[in-house]
Amino acid sequence: MSLKPPVGPQDHVQGNPDAPIELVEYGDFECPFCGQAYYSVKALQAALGDDLRFAFRNFPLAQAHPHALPAAQAAEAAGLQGRFWEMHDLLFEHQDMLDQPNLFRFASALGLDLERFARDFASPEVAAKIRADFLSGARSGVNGTPTFFVNGERYDGSWAPQDFIAALSSLAGGVAVPP
Amino acid sequence: MALEAGKQAPDFSLNSTPDQKVSLSELRGRRVILAFYPADWSPVCSDQLPIYSELVPEFRRYGAEIMGISVDGVWCHAAFGKHRNLRFPLLADFEPKGEVARAYEVYRKKDGFSERALFVIDREGIIRWSYVSPIGINPGADGILEALESMEAKKS
Chain A
1 MSLKPPVGPQ
11 DHVQGNPDAP
21 IELVEYGDFE
31 CPFCGQAYYS
41 VKALQAALGD
51 DLRFAFRNFP
61 LAQAHPHALP
71 AAQAAEAAGL
81 QGRFWEMHDL
91 LFEHQDMLDQ
101 PNLFRFASAL
111 GLDLERFARD
121 FASPEVAAKI
131 RADFLSGARS
141 GVNGTPTFFV
151 NGERYDGSWA
161 PQDFIAALSS
171 LAGGVAVPP
Chain X
1001 MALEAGKQAP
1011 DFSLNSTPDQ
1021 KVSLSELRGR
1031 RVILAFYPAD
1041 WSPVCSDQLP
1051 IYSELVPEFR
1061 RYGAEIMGIS
1071 VDGVWCHAAF
1081 GKHRNLRFPL
1091 LADFEPKGEV
1101 ARAYEVYRKK
1111 DGFSERALFV
1121 IDREGIIRWS
1131 YVSPIGINPG
1141 ADGILEALES
1151 MEAKKS
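Residue numbers (this note's numbering), protein chains in the order written: chain A, 1 to 179; chain X, 1001 to 1156.
Derived by calculation from the structure, the hints in this document are not laboratory data. Here a beta-carbon is modelled for each residue, glycine too, at the ideal position from N, C-alpha and C. A hint or two may mislead.
Partner residues are not named here, just some residues of chain A that face chain X (Cβ under 8 Å, in silico) [what the hints assert, rightly or not]: (1) L61; (2) L114; (3) A128; (4) A132; (5) F134; (6) S136; (7) A138; (8) R139; (9) V142; (10) G144; (11) Q162; (12) A166; (13) S169.
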């Protein structure tokens, strides 16, 4: 099961662009498992450092999670002002506060241009970006949230921090030593 | 073994709500996706079906309707569909139990429920793709989308 399309300019990417390991997450900001995985990814990034780059794609299960889509819109709208990752972190750290007034409070806390944020939040372009992410996930074999891809292949192993670090650091040639 | 591509899809008439029935033959001229699943409320099914629900507009772009089928009764389906906000019908293969799953050769007699199996049926009622997933593994939607794409290319 492989990632379609590969990570490209349309993606939000963190970390060393030349890293030997590329991790892609399809996630839903309201999904509690994604909320746990957020901390696993942070631990992984700390352990692997420059050996890892990380991309996030939206996979909001909007019928199941009423705040998932607005939260994704907030992240993408923040991204248009260069602050995707800050919003991504705020959303996962406040999964019980994803109603619209709070999303705008987060935007304000990040110092975003709020008029522009409001416009982008509701724009067809942002909706299309989220839909494109979702469909790419469906075509890549995403079967729940979160679903991870490591170097383009679906990762079906455990993403509990220790397991995740062990599995991925072996790919980096054992560079990282799990704590 | 599930019925394979090229076979005629067995017709059925099953309740989708307490007072509504859906039969496959009524859908001739449309493409149909049948998602057999073991049971409402089971953890894997609860992940699998919401993904399909999000994809209903995408399936329609290919002229396809999706339907879930399990041996659960109509009232159970109604509660499950409402709870998960599903945007497609769940059919009750309830009496005689599992009859439709048996016709598609995906009934697990010793368990009393069906395999987790997918069928994509063309406009003439011929199965064009089928897949049985290991029971605990959510098959996702990529196989369905690929089947629809290839049918679109062949106009079947």
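Broken hints, by number
Those not satisfied are hints 2, 3, 4, 6, 11, 12, 13.
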